[in-house]
Structures are given as structure tokens and as C-alpha cells.
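S.K.: Below are the chains, spelled out letter by letter.
Protein chains: 2
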Amino acid sequence: MKIFDDLRGQNMVVLENAKQSGRKVVGMYCAYCPQELVLAAGAIPVSLCGTRDEPIADAEKVLPRNLCPLIKSSFGFAITGKCPYFYFSDFVVGETTCDGKKKMFELLKQYKPMHIMHLPQGADRPGALSWWKEELLLLKERLEEELGVTISDDNLREAVKLANSEQRAVKELHELNKLDPAPLSGLDLLTATFMKGFNVNRFEGIALVNRLIDEVKEVIERGGSPFRAGTPRILLTGCPVGIGSEKVIRLLEEGGGSVVCFESCSGYKTLAMLTDEDERRDPLEAIAERSLKIPCSCMTPNEGRLELLGRMIREYRVDGVVDLTWQACHTYNIEAELVRGYVRDNFDIPCLHLETDYSNSDLQQLKTRVTAFIELLDKRWT
Amino acid sequence: MKIFDDLRGQNMVVLENAKQSGRKVVGMYCAYCPQELVLAAGAIPVSLCGTRDEPIADAEKVLPRNLCPLIKSSFGFAITGKCPYFYFSDFVVGETTCDGKKKMFELLKQYKPMHIMHLPQGADRPGALSWWKEELLLLKERLEEELGVTISDDNLREAVKLANSEQRAVKELHELNKLDPAPLSGLDLLTATFMKGFNVNRFEGIALVNRLIDEVKEVIERGGSPFRAGTPRILLTGCPVGIGSEKVIRLLEEGGGSVVCFESCSGYKTLAMLTDEDERRDPLEAIAERSLKIPCSCMTPNEGRLELLGRMIREYRVDGVVDLTWQACHTYNIEAELVRGYVRDNFDIPCLHLETDYSNSDLQQLKTRVTAFIELLDKRWT
Numbered sequence: 000m001k002i003f004d005d006l007r008g009q010n011m012v013v014l015e016n017a018k019q020s021g022r023k024v025v026g027m028y029c030a031y032c033p034q035e036l037v038l039a040a041g042a043i044p045v046s047l048c049g050t051r052d053e054p055i056a057d058a059e060k061v062l063p064r065n066l067c068p069l070i071k072s073s074f075g076f077a078i079t080g081k082c083p084y085f086y087f088s089d090f091v092v093g094e095t096t097c098d099g100k101k102k103m104f105e106l107l108k109q110y111k112p113m114h115i116m117h118l119p120q121g122a123d124r125p126g127a128l129s130w131w132k133e134e135l136l137l138l139k140e141r142l143e144e145e146l147g148v149t150i151s152d153d154n155l156r157e158a159v160k161l162a163n164s165e166q167r168a169v170k171e172l173h174e175l176n177k178l179d180p181a182p183l184s185g186l187d188l189l190t191a192t193f194m195k196g197f198n199v200n201r202f203e204g205i206a207l208v209n210r211l212i213d214e215v216k217e218v219i220e221r222g223g224s225p226f227r228a229g230t231p232r233i234l235l236t237g238c239p240v241g242i243g244s245e246k247v248i249r250l251l252e253e254g255g256g257s258v259v260c261f262e263s264c265s266g267y268k269t270l271a272m273l274t275d276e277d278e279r280r281d282p283l284e285a286i287a288e289r290s291l292k293i294p295c296s297c298m299t300p301n302e303g304r305l306e307l308l309g310r311m312i313r314e315y316r317v318d319g320v321v322d323l324t325w326q327a328c329h330t331y332n333i334e335a336e337l338v339r340g341y342v343r344d345n346f347d348i349p350c351l352h353l354e355t356d357y358s359n360s361d362l363q364q365l366k367t368r369v370t371a372f373i374e375l376l377d378k379r380w381t
Numbered sequence: 000m001k002i003f004d005d006l007r008g009q010n011m012v013v014l015e016n017a018k019q020s021g022r023k024v025v026g027m028y029c030a031y032c033p034q035e036l037v038l039a040a041g042a043i044p045v046s047l048c049g050t051r052d053e054p055i056a057d058a059e060k061v062l063p064r065n066l067c068p069l070i071k072s073s074f075g076f077a078i079t080g081k082c083p084y085f086y087f088s089d090f091v092v093g094e095t096t097c098d099g100k101k102k103m104f105e106l107l108k109q110y111k112p113m114h115i116m117h118l119p120q121g122a123d124r125p126g127a128l129s130w131w132k133e134e135l136l137l138l139k140e141r142l143e144e145e146l147g148v149t150i151s152d153d154n155l156r157e158a159v160k161l162a163n164s165e166q167r168a169v170k171e172l173h174e175l176n177k178l179d180p181a182p183l184s185g186l187d188l189l190t191a192t193f194m195k196g197f198n199v200n201r202f203e204g205i206a207l208v209n210r211l212i213d214e215v216k217e218v219i220e221r222g223g224s225p226f227r228a229g230t231p232r233i234l235l236t237g238c239p240v241g242i243g244s245e246k247v248i249r250l251l252e253e254g255g256g257s258v259v260c261f262e263s264c265s266g267y268k269t270l271a272m273l274t275d276e277d278e279r280r281d282p283l284e285a286i287a288e289r290s291l292k293i294p295c296s297c298m299t300p301n302e303g304r305l306e307l308l309g310r311m312i313r314e315y316r317v318d319g320v321v322d323l324t325w326q327a328c329h330t331y332n333i334e335a336e337l338v339r340g341y342v343r344d345n346f347d348i349p350c351l352h353l354e355t356d357y358s359n360s361d362l363q364q365l366k367t368r369v370t371a372f373i374e375l376l377d378k379r380w381t
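Protein chains in written order, with numbering that gives the first Met the number 0: chain A, 0 to 381; chain B, 0 to 381.
If we strip away everything but chain A, and leave its shape as in the complex, we get:
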């Protein structure tokens, strides 16, 4: 795990060197942005910073205070020059997912050349797939123009294979936690998963994850785990979490729980699906098909999330669900009502909905609620 902690600093050096040698960098904010297209263009796709509290005060000079911390943090990082990935990006891709991001991008485009992808609001809509494929085509054309390259179908197929290998590796790591007790703490799983967005060299990144898998398997063989037997197993769903915004995971584990899996888009939500590698298919369509299926709360309806939750609750043998909403994230906040109902009606386990931001101002209050929740889970198994 030590390697992953140091990765951020190392990636920066690699990124700077790559830039100096003429490589192009494309910044992305969201799982709907197909990194395969950027890889196929021979450029480096990077996730942009948005998981720390520090730049939010600067963002609030322009953006409303009552907006989700992820959006404010992303904007603050970008405009203050404190996100090296944004700084090094030649070009940034945004999407019309939620209202906050969609409108924030209108302000952000003053700072960097941007391309906005228009996502259909429902995956099952007639024509949604062809619309989304057309959006991928527009992005492809824009990338070709901005980066001065031509993206062939073979480039795309190769990129799909690379992205799939990465997905498979991180998915395998995530699934090691199906074991009881879990071999990885939620914080370690988050660290390893989170870093994949910042890997400049994807092959090295995959190799690192595979090395971690081997190490964890050794620990498992020795019967090791950070948790005692019977530790309440928690599934975390809702808004994405990253390094800097992990306070709820920390509280849950300090309070005696084991966060065994993340359903969020920073976790299993996007790992659960691979792009079809069938050589006879149009690779752009295959990429569109996969990404359109991501069960994000920005979609209506979003039944895929409930199905995925059910599968994860069963497969990870979960004792309780924590649904995290970043303050003012309307889509996850309203969908929480459906999640609560689904968990209640289909599983006999408790569900805790938390609404918070990146600050520490509500830490004590959260701790009280989290502790009570863990006690509730603990009692069920003792």
C-alpha cells in the first residue's frame, strides 16, 4: 500500500516529463467520459482534482455556496492552479450529467479549452444509444482536431483492451473483499482504486494493482485481515469519494465497521462492466454501449443502481448500507428515498443516509450517528 501513497507525487514528475517530451494530456471529471478515446489518440487521460476541501473557499467567490463540494472543489482547484492535472491538461472534457457540473463548466471554459459531451438523461430511451454514440464521435473529432491526430478503429480497439485490463485488475482487487473478514480496509481499497485515475502510465498502474492483489492474496493465505471476525460489513453507496473526502469511510472504520465495498462511481459502479471487445463490432458503439449503462443518479429512471446494490449486498454479504450524499447533490439526495425503500423491502438490513460536505464542521455529529449505526449492526450479530 505504501507505493500507492507515494504515487501522486511520482505521477506528477512522470506527467511533467511526458508533457516536456510532447505528449498531450486530456483532463476528465466523470466516468461517462470515455478514457478509451483519449488513449486511442495517444494522449494521457487524467482525472482532475475535486476531492479536497482546501480550494472550496476560492470557488465560492464565483459559485454559489449551496452547491455540492465536489463541484466547488473541482472549480476551485482549476481556477487557483492548484490541480497539476488541470494545469498540465491541453484540453478538458466535461459532460451534462448533473445541473451543477453542467453550469459550472460554462464558467470553467474561460480557463481551458473544453469540450462538453451531452449525455442522454435516460439510458433506456429510444435513440439514447445512437445519440450517445454521436456524442462520442463528436469528441473523437474534437480530439483529432485539438491533438492533431487521427484515431483509427484499431487504435480504439487497442485502447478498449487496455482500459478493460485496468478494469479487470481493479475489479479483482475490489472483489477480494468479498471474503469475511475483509482483507482490505475501506481506506486502503479507496486509495488503491482512486489512484487509477491519476496513473500516467496505464501499464505500470495495472502492474501495481496486480502486485497489490498478489500481496493481499498472501495476507489472506496467512489468514490476515485488518478486522476481527464478526466486524459489521458495510456497503458505501451514493456520491463518489476520493482521497481528501474520505471522512465517512474513516468514521465508519474507526467506529468499528469494515467498509467492504463501494457502489459509487469511484468504486464498483464502473468496474462491474467491461466494453465488448468483439473485433467485428464498431468499437465506438461498444464504448458508448458500456458507458451509457453506468447507473448514475443523473439518469432517470436509474433502476440499474438498485439492481447493482442488490447484487453487491448479496455477494459482499453486507450487514448495513450507508448512502452518502454530498450536500446539495439533488439527484443522489432524492434517489436516497428509493434506495432506502429498496433496501428495506428486499433485505433485512439497516440503511443510513448521510448528507455532508468536505469540511470537518459536522464531524462530531456524524460520529454520533455512525457510532449508533455500527452498534445497531453489531447487536444483530452478537
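Check the hints yourself; a few may be wrong.
Partial chain B-side listing against chain A, Cβ under 7 Å, derived [to be verified]:
| hint | residue |
| --- | --- |
| 1 | G121 |
| 2 | H329 |
| 3 | T330 |
| 4 | I333 |
Listed below are the simulated DSS-like cross-link pairs for lysine-lysine, each with C-alpha atoms no more than 30 Å apart in a straight line [unchecked claim]:
| hint | chain 1 | residue 1 | chain 2 | residue 2 |
| --- | --- | --- | --- | --- |
| 5 | A | K160 | A | K23 |
| 6 | B | K292 | B | K23 |
| 7 | A | K160 | A | K1 |
| 8 | B | K60 | B | K108 |
| 9 | B | K177 | B | K246 |
| 10 | A | K160 | A | K292 |
| 11 | A | K292 | B | K108 |
| 12 | A | K292 | B | K111 |
| 13 | A | K60 | B | K366 |
| 14 | B | K292 | B | K132 |
| 15 | A | K1 | A | K177 |
| 16 | A | K132 | B | K292 |
| 17 | A | K246 | A | K60 |
| 18 | B | K60 | B | K246 |
| 19 | B | K108 | B | K18 |
| 20 | A | K366 | A | K177 |
| 21 | A | K81 | A | K111 |
| 22 | A | K139 | B | K132 |
| 23 | A | K23 | A | K132 |
| 24 | B | K139 | A | K292 |
| 25 | B | K292 | A | K139 |
| 26 | B | K139 | A | K132 |
| 27 | B | K132 | A | K132 |
| 28 | B | K292 | A | K108 |
| 29 | B | K60 | A | K366 |
| 30 | B | K170 | B | K23 |
| 31 | A | K139 | A | K18 |
| 32 | A | K246 | B | K60 |
| 33 | B | K292 | A | K111 |
| 34 | A | K160 | A | K132 |
| 35 | A | K292 | A | K139 |
| 36 | A | K60 | B | K246 |
| 37 | A | K1 | A | K170 |
| 38 | A | K366 | A | K1 |
| 39 | A | K292 | B | K132 |
Worth flagging that the hints you see were computed from the coordinates, not collected in a lab. Heads up, the beta-carbon is just placed ideally off N, CA and C, and yes, glycines get one too.
With chain A's structure known, arrange chain B on it following the hints.
M.R.: Relative to the frame of chain A, chain B by itself:
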């Protein structure tokens, strides 16, 4: 004006009678929902309640507190049975405009048969018009199925003419306020404009507006106006306002201003455009074309709003702009930054951004800000 005040009660009786005689009623929440299709189906299109504070407490038992009052009020009215229009609706149409409404509709569909229209997120997107036309076709088919009717092109053309007549009448009324001093107070203009959504008989509604226009013209000829010469002329933009949520208009006029026009979708934003009546055209496409042009903040980019604002500032000879955001309405709240910049860079007039809800809890604070704003405008002209 007295007639308009009594209209709500009268409409209810007419609506109940119409229902009893077998007429169908279709409830709508948004200007993007094309009432022409409902009219063409021989049904009664009605706007649904969502402009009063009362049902919000009930809505907050299910919806998050941190959500725009318009959405909470709409949901609260519907689930408590306190909106007779919702109650009498056979069928309700929603749209994917903002995140809050989009996800609220997922909960509302338990209470009434619903159809959700998927709006493209940008009007200038390639394919946006054909997508939106397809959505209108889906709605048409759903209406035909639910109401047991067939909607012909001729039905549609007739409905377009009727809707256009209504638009023209209300637009003419609205434009009478280009006179200085304005012949209509903002509150009266709001009352007359707002009621159009609740008219069961459109022809009678149009006749009423025309009668009001004649009366106002008489008042103008006599040199009458509710305002003294030199009263600061204010344009209200931002979130829609209705009867029950008019507190900002009231404060502005009590504070010595004259709200001469509304740029919002409850006002001039939707009046400024007519549907093309060319008989050779596909009427569905003409309807799609017009409604897609509505410059709502849910669109990205939404440059049409700034253009419209500029035109209205000039034509209504406006001294100041008030930009109203309902709390937690992210799209208008973020777009406020663009509005502020546009007004500053293009017109030498002050712009006040207010964020509030339907309650009276911030009345004193609003009053202080509004009074200071009016004084600022007054000083400029004395």
C-alpha cells in the same frame, strides 16, 4: 383585474363540470411541455400548483429540505391532494429539465400516471431538434393511448393557432408596460399572466385578457398609472414566480419600484416566440422548434437568455435588473454569475441577485437589500 382574482375559484367549478361530462385533463409543470398536443387531443391542459409555501412541510417528509421550493411545493400539493388540478388530472406530463424535478418525478409517479419527456440539454446540439421532435411524437402516442383519441395534423394546426392567439394576447398585455410610467403594476401583470395556465376554456381566457388590454388602454389614454413619473423601472429575471411566491415583486413595488416586466418562464421568456403556422410544415416539428428555443437555464449554453435580457432591458427602458433564484436551484444560481457579467458589461445599470424561498423567514433581510437597491436606482435619475 377583479375578474382575474376570482378566476381560480371559477375555473375549479368549470373543471369539475368538464370532468363530469367526460372531458380529460392533462396536468403540466413546465413551459417545455407543449400544451398544443393536449389541446389537439381534445383534452384540457392545466398547470399544476407549485407556487405556495403551505404544502412544503409535507413534501419535506419525503424530499430533501435542501431543494428548490417550487419542486417541494409541487410535490407537496400533489401528494396531499391540495392541488385540484393535479387531483382532476387523468395524466401528468413531466420533463427532464432540472435535476430536482427529474428525480422528484420518479417519486411522483406513484401518485398519478405520468409521462416524462426527455429534453436535450442544449438547443444548439446537432440532432437536438430531431430528438425533441421524437419526444413530442412519443408524447402524442402516449396521449392517444391514454385518452383514447387520434391526434391529426389538422388537430395540431388548430391547437397551434389557439395557443398562438393566447400567446399574442398575453404578450400584448405584457408589452403595454413598455410605456413609462408602466400602466400595470408587476403584481397585476403577474396575476393576469399567471392565470392563463389555469384557464379551462382557452377562448374565454383569451377574451378576458383582451378585455383587460382594452381597459388598460383606456387607463393609458386617461394618463393613468399606478406609478409616479420617474419610478425606477425593474426587470425581474430568474426562476419563475406565481401567485403565492410573489414576495420579491411585492417588496420591490412596496419599496418604491415598478416591476415592468418578467423575463422568467412564467413571463416574457415563453411569450416572445410563436409557433410557425405555415400549413405546409409538419406541425409537430414547428411545435418542437419553438419550445426547444425557450432560453431556460437548464440548457447549456443558454445564450438566448442573455440576448432576450438585452432586448428587454432596451425595449422596456429598464433602470435595474433583479435576478431571482429559488434556493437550491443550481442552474439559475450559477447562471446568475453570467447574468451579472452581461448586465455589467453591456448596460450601465445595477443588477441585484436574490436567493430566497417561499417562506417569510428572510422578509426583513430581503426588504433591507431591496430598499437599498431601489434607492440606488432612484439616485441615478434624480
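S.K.: With reference to the structure, classify each hint as holding or not holding.
M.R.: A quick look at each hint next to the structure:
| no. | hint | verdict |
| --- | --- | --- |
| 1 | G121 | holds, 6 Å |
| 2 | H329 | holds, 4 Å |
| 3 | T330 | holds, 5 Å |
| 4 | I333 | holds, 4 Å |
| 5 | A:K160 with A:K23 | holds, 21 Å |
| 6 | B:K292 with B:K23 | holds, 29 Å |
| 7 | A:K160 with A:K1 | holds, 28 Å |
| 8 | B:K60 with B:K108 | holds, 17 Å |
| 9 | B:K177 with B:K246 | holds, 23 Å |
| 10 | A:K160 with A:K292 | holds, 18 Å |
| 11 | A:K292 with B:K108 | holds, 23 Å |
| 12 | A:K292 with B:K111 | holds, 28 Å |
| 13 | A:K60 with B:K366 | holds, 24 Å |
| 14 | B:K292 with B:K132 | holds, 13 Å |
| 15 | A:K1 with A:K177 | holds, 23 Å |
| 16 | A:K132 with B:K292 | holds, 24 Å |
| 17 | A:K246 with A:K60 | holds, 25 Å |
| 18 | B:K60 with B:K246 | holds, 25 Å |
| 19 | B:K108 with B:K18 | holds, 21 Å |
| 20 | A:K366 with A:K177 | holds, 26 Å |
| 21 | A:K81 with A:K111 | holds, 14 Å |
| 22 | A:K139 with B:K132 | holds, 26 Å |
| 23 | A:K23 with A:K132 | holds, 24 Å |
| 24 | B:K139 with A:K292 | holds, 28 Å |
| 25 | B:K292 with A:K139 | holds, 28 Å |
| 26 | B:K139 with A:K132 | holds, 26 Å |
| 27 | B:K132 with A:K132 | holds, 19 Å |
| 28 | B:K292 with A:K108 | holds, 23 Å |
| 29 | B:K60 with A:K366 | holds, 24 Å |
| 30 | B:K170 with B:K23 | holds, 28 Å |
| 31 | A:K139 with A:K18 | holds, 21 Å |
| 32 | A:K246 with B:K60 | holds, 27 Å |
| 33 | B:K292 with A:K111 | holds, 28 Å |
| 34 | A:K160 with A:K132 | holds, 19 Å |
| 35 | A:K292 with A:K139 | holds, 20 Å |
| 36 | A:K60 with B:K246 | holds, 27 Å |
| 37 | A:K1 with A:K170 | holds, 20 Å |
| 38 | A:K366 with A:K1 | holds, 28 Å |
| 39 | A:K292 with B:K132 | holds, 24 Å |
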